Amino acid sequence: MGRPQRKKDKKKPKRTHTKGPKPDKVECENELPEEPSEVTKKENSSSKYGIDQLLDKAQECIDTFNYELAQKFCQRALELDPDNLRVLETSGTLLLELGDSEGAKKCFGRAVELSPDKGHAKYMYLGQLFEGAEAVQCFQKGIELMTNELQQQQQREVSAAFSGSGDEMVSSKDISTAYCSIAEIYMTDCCFEEAAEEKCRTNIEKAISSDDTNAEAYQLMASFFLSKEDREEARKMIEKSVSLWLPKMKGMENETLLQDPAEVAPINYSARINASQILIETESYDLASEILEGLLDEDEDVIQVWYLLGWLNYLQGEDYKGNARYYLDKADKLSKKVSCSDKPMLSHIQELLQELGPGEDEDEEEEGAEMDDFESDSDAEDAVESMES
Numbered sequence: 001m002g003r004p005q006r007k008k009d010k011k012k013p014k015r016t017h018t019k020g021p022k023p024d025k026v027e028c029e030n031e032l033p034e035e036p037s038e039v040t041k042k043e044n045s046s047s048k049y050g051i052d053q054l055l056d057k058a059q060e061c062i063d064t065f066n067y068e069l070a071q072k073f074c075q076r077a078l079e080l081d082p083d084n085l086r087v088l089e090t091s092g093t094l095l096l097e098l099g100d101s102e103g104a105k106k107c108f109g110r111a112v113e114l115s116p117d118k119g120h121a122k123y124m125y126l127g128q129l130f131e132g133a134e135a136v137q138c139f140q141k142g143i144e145l146m147t148n149e150l151q152q153q154q155q156r157e158v159s160a161a162f163s164g165s166g167d168e169m170v171s172s173k174d175i176s177t178a179y180c181s182i183a184e185i186y187m188t189d190c191c192f193e194e195a196a197e198e199k200c201r202t203n204i205e206k207a208i209s210s211d212d213t214n215a216e217a218y219q220l221m222a223s224f225f226l227s228k229e230d231r232e233e234a235r236k237m238i239e240k241s242v243s244l245w246l247p248k249m250k251g252m253e254n255e256t257l258l259q260d261p262a263e264v265a266p267i268n269y270s271a272r273i274n275a276s277q278i279l280i281e282t283e284s285y286d287l288a289s290e291i292l293e294g295l296l297d298e299d300e301d302v303i304q305v306w307y308l309l310g311w312l313n314y315l316q317g318e319d320y321k322g323n324a325r326y327y328l329d330k331a332d333k334l335s336k337k338v339s340c341s342d343k344p345m346l347s348h349i350q351e352l353l354q355e356l357g358p359g360e361d362e363d364e365e366e367e368g369a370e371m372d373d374f375e376s377d378s379d380a381e382d383a384v385e386s387m388e389s
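The sequence shown begins at 1 in the UniProt record's numbering and counts up one residue at a time.
Source of the hints: derived by calculation from the structure; they are not laboratory data. Check the hints yourself; a few may be wrong.
Below, simulated EDC-like cross-link-like pairs (lysine to aspartate or glutamate); rule was C-alpha separation at most 16 Å, straight line [said to hold, decoys possible]:
1. K106 <-> E89
2. K141 <-> D100
3. K72 <-> E60
4. K236 <-> D299
5. K199 <-> E184
Note that the coordinates shown come from a computational prediction; the quantities given were computed from them, not determined experimentally.
Using the sequences provided together with the hints, build the complete structure.
Here is the structure:
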């Protein structure tokens, strides 16, 4: 049985994109330098591997997703020069990837001490690592530095030959995203702070004014309006957000898929699930369904997507109960194969299925099973009678 069709048949696009082979880690491992002696610590010029070479080796390992070995190269570099900014920031990023938040904090914190007014990236990372007011301060400092750098970039005549100041180029979207991060803090960690609501909205508005093509900012504003129970404004904002990325996704359906849909959409898989949830809450069911069906085309093993499709069909009334049952049944079966920690969602799936009851196909299957049992019993009785006779 295929997925229920809402208006017209929708063929699942063929994918030609395949994952490449797993990266080979041996090359990096064979080139790991020996532990530096006291002499090499004092005389870097005579070392087999200098700071730049160690960082180059680390980058090679990063390119093949071998973060553990990359961090070893960074550690050697730190032993040679504990206050090298490039090494500290690279090491901090790697420690984040490896789940060592405290180690990352130390690296980025030291980088801030050494260069507090240059380089925004370390503040962005610290904003993610800290909570509440500390995180807000980090993001605000990062925004200040990015704004200054962006102004300097705009004042220059940027050409292909321009190499910049050595730092990564800053975009208006980077600044917009940082404002979104602050707004989210006022929605969560600092929601009980005085004037939190006003600060939240102000930062979202700054995010939109910084980059009016940032879908994340409009989606966040939709969430803000929902928290205020203003569904009409929330609907306008989420539809504006979706209009900035969904057409690109739909355009892929008419082309050979040479890349993952996630690479085309400006927001990730999880954010698109959140977008569909907001659309459901604002009763934009068709748009929510279109997004969720697209997510299934990317990955059919996400229970929440099947559940949300079932839920939005259930909310549309009697005519959609068959569709609701189909999607919820899929979610239920998948939950028995894939681990899921969202107990309330699993419980709601069971409640809805119980309320909906079995569908016609399920009734027919049950009747068929009962008939098979009856025929088996009859055959057994006939066999016994023939033996007795």
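Going through the numbered hints above, which ones does this structure break? Give me the numbers in ascending order. 2 and 4
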